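Asker: Below are the chains, spelled out letter by letter.
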Amino acid sequence: MSPLELVGDFERIAQELRASKPGASSALRERIAAFEPPEPRTAFRPPSRRLVLALAAMALLASFVVAGVTGLGGSKESKSSGASSGFHPTLPVRKAIGSGAARSLGPVAPSRANALAPTAGRLQRYDATLRLRVHDVDGLSRATQRAVSLTRGLGGYVGSIDYATSAGQRGGATLVLRVPVANIQTELDGLTDLGTILQQRTGILDVTRRVDREAKQIAQLERELADASPQEAPAIRSRLATLRAKHARLVRSARLARIVVGLTTPPKQATVPPSRLHRTLDDAGSVLVRELEILLYALVVAGPLLLIGAAGIATARAARRRSDRRLLERA
Amino acid sequence: MTRLRRIDAVRSEFAEAAERHLDDVHAFLVYLTGDRALAEDLTAETFARALERWRKFDPRRGSARAWLCQLARSTALDHFRAEERRRRRDGRFAAGEQREDAGPVFGEGLSPELEQALARLSAAEREVVALRIVLELDGELAARVLGISATACSTRLSRALQKLEKEVNAGVAA
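Here the protein sequences come in this chain order: A and B.
Just so you know, the first sequence maps onto residues 1 to 331 in the numbering used here.
Just so you know, the second sequence maps onto residues 1 to 174 in the numbering used here.
Fair warning: there could be bad hints in the mix.
[Said to hold, decoys possible] Residues from chain B shown here face chain A by an in silico Cβ test under 8 angstroms; the list is partial:
no.	residue
1	Leu4
2	Glu16
3	Arg20
4	Thr43
5	Phe57
6	Asp58
7	Gly107
8	Ser111
9	Leu121
10	Ser122
11	Ala124
12	Val134
[Unchecked claim] Okay, the calculated bits of chain B under chain A, using three or more residues with CB under 8 angstroms as the criterion:
no.	stretch
13	27-39
14	62-71
15	154-167
Derived by calculation from the structure, the hints in this document are not laboratory data.
Owing to the predicted nature of the structure, the values given are computational and were not obtained by experimental measurement.
In this text, a Cβ means the ideal position worked out from N, Cα and C, and glycines have one as well.
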């Protein structure tokens, strides 16, 4: 029900009131028409909502740009140590076994055709160390198997294998291989195909003179044994046996080259330094978080005061309204 | 040049608004004050204030008529407060002041009963009658002018009309 319908005689009263609406006099009209607008003042005008939004967007953009260009004072420097990221182990140079005509080579630059070939007609102890990098653990397994089969195919054998992986991601293997010196070049060529050469070392020790010397000593002892008395014979025989065993080992070592192959997977990737964009985003995010912290702090501190102020304003307005009402009731 | 154009624009817009709403504002103030001469002065004061603040008027927030009525009410309240202060200072009371009887106040064609009934209403009751009945503002607009809720405005109007009818009937019976 409309409140206007509460009054039964309302329509008549309303029509009468509207029909008798007091009008402004012509004098009042002329008085108002004579009003002149005041000179416009250059007063402060509060910014519009669009302007505030645009300023906020510009401030946000500026914080991104500043953070990106200059960075923050506390930004984390994540400089990469590119030069040290790679793994370039350097093994100490092994001294040549024995002396005389022996030659020893230190670590050489990784290169496929760098292995030295033994000299034909000479007895030489051939010692090589090869360090290779394979792509992954699967490649490590395949390379190990191929190294073993290659060695056996060339008439050699595997002295030892040490194979290990870690969490299925990293791994390494060390193989000690013995191959006939005549096939050393083929063996090395095959092995270098297994991966990327990280390190290669070759050592050759010529033992021809030593073998000859031992052979002469053996011949000498055999002669002495033939001429020796029964009391002297056992001692000579013992020395002869020792010398023959030593000689046999020397000759054998000159026939079979020793190759130590180290296989390894790539080292764990160093943490990639964040890009400039990521650093910019991080820094801008830090700025925003800091601003929010300050805003929150300000709200916590000023909140109660604002609430008291708002309550005061509301109370004052209500009081003013009551006062107006009373004033109009009295008027 | 731009400044002059701006002044011209204000003058033109204001003149148009004054022409259109002068009668409404004047009628509202007549009902509010119950005094034609005072209403004329307050109307002039209202439009002078309106002209000063014309640049602040935003048509999107409400009609010019409602804005002018708000301004008129505020002007009248300022006057009432000043009068009350003056009377207190002078040791007089509103009841002690008698206006000179200069004929009908609320309209030329009103019946004497209705004229007297309106005079017996308070200014607060007359202003809601003026806004809702005479100026025919809707409930929301009238409430905005009065600074109260629409429900409170409706209640106030209902009571004012009941009292008005009662006073009219009492006048007729007398």
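Asker: Hint by hint, say whether it matches the structure.
Answerer: Status of the hints after comparison with the structure:
1. Leu4: 10 angstroms, violated
2. Glu16: 11 angstroms, violated
3. Arg20: 12 angstroms, violated
4. Thr43: For B/Thr43, the interface hint holds, since the closest Cβ of chain A sits about 6 angstroms away, which is under 8 angstroms.
5. Phe57: Where the cut-off is 8 angstroms and the nearest Cβ of chain A is about 13 angstroms from B/Phe57, the hint is violated.
6. Asp58: Hint on B/Asp58: violated, closest Cβ of chain A at ~11 angstroms, above 8 angstroms.
7. Gly107: OK, holds: B/Gly107 within 8 angstroms of chain A, min 3 angstroms.
8. Ser111: Check passed: Cβ of B/Ser111 comes within 7 angstroms of chain A, closer than 8 angstroms.
9. Leu121: 10 angstroms, violated
10. Ser122: 5 angstroms, holds
11. Ala124: 4 angstroms, holds
12. Val134: 5 angstroms, holds
13. 27-39: holds (count 7)
14. 62-71: Violated: only 0 residues of the stretch 62-71 of chain B have a Cβ under 8 angstroms from chain A.
15. 154-167: holds (count 8)
The structure fails hints 1, 2, 3, 5, 6, 9, 14 (numbered hints given earlier, in ascending order).
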